[in-house]
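Protein chains: 4
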Amino acid sequence: MVGIFSRDEINIPEQIFFPLFSLQHRGQESCGLAYRKKGRLVAYKDLGMVSTVLGRYLSESRPSRIGIGHVRYCNQGGNRIENAQPILVNCNKGEIALAHNGSISNTGELKAELFEEGSIFHSTTDAELLLHLLSRSREKDFFSALTATLRRIQGAFSLVMIWNETLIGIRDSLGFRPLNYGTQNGRTVFASETCALDIMQIQDYRAVEPGEMIVAGPEGVRSIRFADAGRKSQCVFELIYFARPDSRVFDESVHLARKRMGAALARMDREAGLEGDLVLPVPDSGNSAALGYAEEAGLPFDLGLTRNHYTGRSFIMPSNNQRELTVRMKIHPVRDSIAGKRVILVDDSLVRGTTSRILVKLVKEAGAREVHLRLSSPEIRWPCFFGIDIPTRQELISNRMDPREIARHIGADSVGFLGMDGLRSCLPRPRDYCYACFDGDYPCPVPFKGESA
Amino acid sequence: MVGIFSRDEINIPEQIFFPLFSLQHRGQESCGLAYRKKGRLVAYKDLGMVSTVLGRYLSESRPSRIGIGHVRYCNQGGNRIENAQPILVNCNKGEIALAHNGSISNTGELKAELFEEGSIFHSTTDAELLLHLLSRSREKDFFSALTATLRRIQGAFSLVMIWNETLIGIRDSLGFRPLNYGTQNGRTVFASETCALDIMQIQDYRAVEPGEMIVAGPEGVRSIRFADAGRKSQCVFELIYFARPDSRVFDESVHLARKRMGAALARMDREAGLEGDLVLPVPDSGNSAALGYAEEAGLPFDLGLTRNHYTGRSFIMPSNNQRELTVRMKIHPVRDSIAGKRVILVDDSLVRGTTSRILVKLVKEAGAREVHLRLSSPEIRWPCFFGIDIPTRQELISNRMDPREIARHIGADSVGFLGMDGLRSCLPRPRDYCYACFDGDYPCPVPFKGESA
Amino acid sequence: MVGIFSRDEINIPEQIFFPLFSLQHRGQESCGLAYRKKGRLVAYKDLGMVSTVLGRYLSESRPSRIGIGHVRYCNQGGNRIENAQPILVNCNKGEIALAHNGSISNTGELKAELFEEGSIFHSTTDAELLLHLLSRSREKDFFSALTATLRRIQGAFSLVMIWNETLIGIRDSLGFRPLNYGTQNGRTVFASETCALDIMQIQDYRAVEPGEMIVAGPEGVRSIRFADAGRKSQCVFELIYFARPDSRVFDESVHLARKRMGAALARMDREAGLEGDLVLPVPDSGNSAALGYAEEAGLPFDLGLTRNHYTGRSFIMPSNNQRELTVRMKIHPVRDSIAGKRVILVDDSLVRGTTSRILVKLVKEAGAREVHLRLSSPEIRWPCFFGIDIPTRQELISNRMDPREIARHIGADSVGFLGMDGLRSCLPRPRDYCYACFDGDYPCPVPFKGESA
Amino acid sequence: MVGIFSRDEINIPEQIFFPLFSLQHRGQESCGLAYRKKGRLVAYKDLGMVSTVLGRYLSESRPSRIGIGHVRYCNQGGNRIENAQPILVNCNKGEIALAHNGSISNTGELKAELFEEGSIFHSTTDAELLLHLLSRSREKDFFSALTATLRRIQGAFSLVMIWNETLIGIRDSLGFRPLNYGTQNGRTVFASETCALDIMQIQDYRAVEPGEMIVAGPEGVRSIRFADAGRKSQCVFELIYFARPDSRVFDESVHLARKRMGAALARMDREAGLEGDLVLPVPDSGNSAALGYAEEAGLPFDLGLTRNHYTGRSFIMPSNNQRELTVRMKIHPVRDSIAGKRVILVDDSLVRGTTSRILVKLVKEAGAREVHLRLSSPEIRWPCFFGIDIPTRQELISNRMDPREIARHIGADSVGFLGMDGLRSCLPRPRDYCYACFDGDYPCPVPFKGESA
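Protein chains in written order, with the numbering used here: chain A, 4 to 456; chain B, 4 to 456; chain C, 4 to 456; chain D, 4 to 456.
Hints in this document: simulated from the structure, not taken from any laboratory.
Be a bit skeptical, because a hint or two may be false.
Because identical chains cannot be distinguished in the list, a pair is counted as satisfied if it fits within a single copy or across any two copies.
Once the Cα atoms are required to be at most 20 Å apart in a straight line, the calculated EDC-like pairs of lysine to aspartate or glutamate come out as [claimed, not checked]:
(1) Lys-114 to Glu-98
(2) Lys-143 to Glu-398
(3) Lys-235 to Asp-254
(4) Lys-367 to Asp-207
(5) Lys-143 to Asp-442
(6) Lys-333 to Asp-11
(7) Lys-143 to Glu-408
(8) Lys-143 to Glu-119
(9) Lys-114 to Glu-12
(10) Lys-333 to Asp-287
(11) Lys-143 to Glu-98
(12) Lys-235 to Asp-444
(13) Lys-40 to Glu-85
(14) Lys-40 to Glu-17
(15) Lys-41 to Glu-85
(16) Lys-364 to Asp-207
(17) Lys-114 to Glu-408
(18) Lys-40 to Glu-212
(19) Lys-41 to Glu-98
(20) Lys-367 to Asp-339
(21) Lys-333 to Glu-17
(22) Lys-235 to Glu-63
As the structure is a computational prediction, the values presented were derived from the model and not from experiment.
For reference, chain A alone in the conformation it holds in the complex (with noise of 0.2 Å):
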């Protein structure tokens, strides 16, 4: 999620280009961008990829001084044009264009409460949802009726919006998902993640408050707070799993914080007595882990799983059920670095196990001795209603077997799992964050426990 105000006219199309590029990994479902053209919010967006999408308007070139873009993430609402987004709408508070990444927990008694009223819905994003409870609102002021919005709704809520020639850029009270907010140039820039900001070479940034609502416009730049602060439930997994490792988010460096976990791994492993030669990660995912495995450890790391980078969406497979072929065809094993050796092979987490298992035996194939897994991240059993896509509590592994089944079941010769402690050990201000896919404990009430939606 991008959004962009400029003091001075500019190509706005190729402006957000590439910051949303450098996102994608936070959504390939669908892809937008929304922005002020000749007097009139317009918006393109697709099911695909942001250089497919959005490659061809790059040189569309009407100077313009607003945009946002989005990159849509599959946890809910199913693969429909209807839901990419920006989100674009006329109504009685004028034009508006909305992005919304995370997940809103109490839209049941919302929409409820708008289709009794005669709201029409062309989509079953939360976005649209958020639009109609606005234009609905009798408050007169924009402002008011926003903020009066947003208290109306619950859950995990990171927005980018234009309403007429205004940026605004809002995080929700509890902060699960990132935002982060720069300026440089006469440009106010909010982006999920600080990457997005790297690549537009915006060195002054901050993460936006939870609570707080930013708005840039031609007569400045201010800050509001729509909600008090209180306790933070900043999604763990983000860290874990979800940012790239070059970006900051909740203003920790992702990297530092993985392999912050990869050496808890680590001593853990110590203490056990678990004895390896050689340390892998899996490629891309246990990078940053398994460099912090292997420091802690002092055990040689090499990159014995080599990653094909040609593999891209272009090429479907012909049969659903090749799996194994798929990942044969991404991640190579170098024989000569894995043959003879008691491997540690560090992920970040373990969803169903599927890949782990294929991997595991690529592993042993190239003459490994002894294959340990280990994951950066507690056992999952929780699913997550804060917009991470998590499978049913039955399809989790970690809700069916304990670490040592998982070992028997994916070919392993053990498993281990970061501990909860270890986890929070890492971070620097663990209240802060929200864990609920490990412990079942969440921040606010949700629509129901025990299975996703």
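Fit chains B, C and D to the given chain A structure using the hints.
Showing chains B, C and D alone in chain A's frame:
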């Protein structure tokens, strides 16, 4: 516009595709279909032609009983994907898909009211506006709500709609746009023109009456009057230009009506003493009228302008300013047919005169001694508010020049239009038509007179 | 097939595109162009249509003086990219690009000889074979080598060729296939049909003579005879079916020749006492002949079968076995024109009878009282070895049934063919044509008689 | 390059696809496959990548026993479809499909002779030249003709060939390019690198020997020596840069060879007294060498430059002059890893220095205190005539500057190359390699020295 309800489960995307394809001439901007698939409504739509956009769903083959399809003609609102139809929404009345042909003339006041009440608009279509009104209606019963809604809107609307498991076809009380209703083998079908019924091999059909709503569902078919039968204002331009010659619209044969218009032109010219050697149609718009002219005048008819069937949408001229080359790629004169002749060149109507100028030039280059352009319609002078895209009054050549000036402008030896009386004489029930684009006499209030939207 | 030499530098891809586009009907399998770009010959070719394959090079705009273009008609060798033309080679004679229309009839012995001597074949085209012969010729001078080569090959060959900076147009000594030569504004142009010259607005042209080679280069234009003028064997099927009606081929107007054929059919029927009410052409193949028939017979002519212009190559029927549906998507009867009439349905020729059967069915469904199918050519009974794709003798309906049986087979009330004498009577120089597909009298030796290749 | 012969019928397009895909890094210009389909050889090839060009044939599934595949690397001849391989011809030796990796160095004289004798060239490939020689050979027996042909050509050629029902793999007598031969379950397989055999799960393989020809057909497999075993000149650049790290080429582990090169660099720096804090690889080209460096130097290794996996070929920069932006889209520094450090940045080689300059800038922007660029190969100063694309001597930065000047030019604090002795010390059999790009000492005559083709 097409709608199908089938007693038995059929492959709806395929069954919609063929009749919709045969209506492609009614709109080339975008197209779409909506149907009930596994208990939910889904919609597929995009900018482009039926064969491209919907061809890929032909083999989807989910058994279904109900579906509608739409081709969009750009008469307003711009070429945006958001305006593609059917519009599919979820609201307190259930899931609804709606396709609209025509143009509602009191949108201004209705939209103001909806804005005031907090409705948000994703598109600029009349179809979305109608759905807002329907959803907000406080009538308990769906059909009461629908009837109340239809009574609030004015202007041209032929509609096909899916509501849950029910298919509904509706024609406005003045009957501006055609809509036909046919049945066969347990199927109930709606289509804008009968050519779409022909390709489905449905022989049992009639026009939906102005003010009639036909409802087909699991319980059978019923006809409801939502407005009293009063004066009709059927669009005479459908007969002159818009509909396909092999169709019947308003229960009239389009081909025969056009032949009568051509014959009326010939009588006009005979009285005026015009002498020609040869009647040529502008392909294919002047075909039927030219045949009628030649027959009445006793002059030879020839296909002296041939049409290249390989010109399609796949090729975009590198430079915009090549209209003449585009015409030359498509229309080719047969020199040996034309050389030395006094040619009566027959077309349906004259709007800006740009293409006619090129055609007259081609015919002269092919050696014609004289070229007399004859139009089987009166001079177009007024905008249409009911669904035909007519340029601004300033652009209409007949608001700027009389026939003699037009002839000089386009290089013809003379230009002649069918007069209003002549036109009326070709129609069995001349009072049942709207002639507003010729005489400015609009059958219902229009937003403003003298200029199109 | 098109060739251009220009005194001044022009944008050759664009200048080839438009005339080649107007020859699309001569071949839809593949197409290509070759031209001299920055001192080297380059070729662009692919399976597909001119607008798709060559449209993308329109704006390449490298100044050049010389280029050729080709559309390939699949009469042999299969739909393979390797067979797309022009063929571009480098050899001891220099860089050569060659495009060929027709079919060489003594390929067997020539190919055997070349094999023996070590030539390697990338394609199965006659053009490649000719280039092998040319390169291997021991004649010192290029034109001596070319003449020697042309004398070794038999059958049908119209050729356009680039050799270094020279453009050459060639027509075989019997003149099977058409080739026209025009000049204007310092340009020398070759084209298979004059419609391609028309779109270039070239009025000064003539047929290349059988046995003539025209050479255009920086030193000017010269005509060379490589064979004595003897008997001509021009393909009468070009006039009947293949060429566009707005073209002249063999210095004859195609449209007028077809009208005469239709008139001859009408005289035949008058003598036989056939009574009809209405003449309908099969669009567009029967257009000209039907006009000639109606004029001669004094019967009304109507465009009672309309053609859908949106059918193109973009849509592939999901199932192969849907020929009837494909015809129904393309051809639509006008019920009000046809119902109750005794219809004379005119087409150019009858091959397998498959499409005619469907058309007769459509006309009967539209209410025709009688349908009499008339073909403006004799019965096709023999294969063509000179470039027209005719099915095997067994597939030709006229080898299996007499007209009465055919009528029964296709559901018509009668079927009538133009006789050989009738056909000859329509041609000013009837002895200058090849009628082998009708009478099996081949004007030069053919590989084997009784079956096509 | 891949070749398969199977005792049983298999789906050749699919069986070629996967190993060829794993060799994509060896050539991205064009690709193709040829196989025996229903008794005839067919070829599919196009400009573009394996997944796009060949992915569509995966399900063709015609049972077949024999096929070859090729990816083309643009070292000469230009990016033309005509040069895509395999080359498929028909000649007096039968149907032959040929794929070639390498570069023949005596093409000039051979081509002159073939021109003289009348051969025509469709492409500029060495493969076509070889086929001309083969077809023209007067040797009666095919293998005698093939051997005679191979003895006439000099330079680098690894070949896979289909001749009728026989698969042949060949490696030139100096062994420039790799070629491996494996067998399993009745299949005989050739592949340029062993990573392609890994994905086929073939464990039983060896390098084809220099001067060896292996023939697999219905009668079994046999090895033929067409040249005496003499000096080897294997391309050392395959180990340094070209091959994949998980491959073995020339029976050496690429990954381990590169680690040794990195370690040798570290020893060099230790002797020179360089002090660094952190070793970073340029991803992924410097990965293995950086690991070897860090291990030897006892310095921390970090993945401080991350690589974006979404950059692909689908997006073309609107302006050419955006190399820096392209690098920024692909490579991202991790500020928290780099800031304040003295960075040893390791890459494989330095050609023009353009990308290195941008990378050094990125690392400095991320806060590095010092950046020392280390290359795990000597200075490249000479063109390659055996298949590696190296720019002209003038473009090679090491022909214009010494390391100190280069450091200044690219903004690094120092630049260091692995010396020739250092490189040799990393290879078990250093005499078996060609180092000509470093020292200009070519192992066989080359067309001209001092400038590339």
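Exercise. Which of the numbered hints are not met once you compare them with the structure shown?
Worked result: 2, 5, 6, 7, 9, 17, 18 and 22
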